[in-house]
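Engineer: By our numbering, the letter at position 74 of the sequence shown is numbered 236, and the numbering carries on one by one without gaps.
It cannot be assumed that every hint is accurate.
Said to hold, decoys possible - With a Cα cut of at most 25 Å, we get these calculated BS3-like pairs of lysine-lysine: (1) K166 <-> K261; (2) K221 <-> K166; (3) K221 <-> K261.
Bear in mind the hints are in silico, worked out from the structure with no lab data behind them.
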Amino acid sequence: MSSKLHQFTNEVGESFRLIEEATTEGLPAFITDLRARAVVEWRLYRIGEMSRRYRVLLKEQFPAVPWDDIIRMRHRLAHHFMRVEPHVTYVIAVVNVPKLQHVLRTAANT
């Protein structure tokens, strides 16, 4: 595994743990918890930024992952944060991040 891929995998793993902690109380609590939303938005931003930087490598290694969508979310969080809906962020956090984590873990174990 290349150092960039290892770094990305570690980032996603760390983000997964923090996002999981921030979303355990469910959607209604998440919507009213500014700290939880900030954690999730920041970790999604970081995943998106690393995806943008390592785009070529990641697309080669994991072509089925929707990298462009991940990068677009980073762009939205960075530049259009006032239009980010908490319920959308929550769904991405509890559905898409675990899927990404699973893909990376599966690849690491092969």
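Engineer: Among the hints numbered above, which are violated by the structure, and what are their numbers in rising order?
Structural biologist: none
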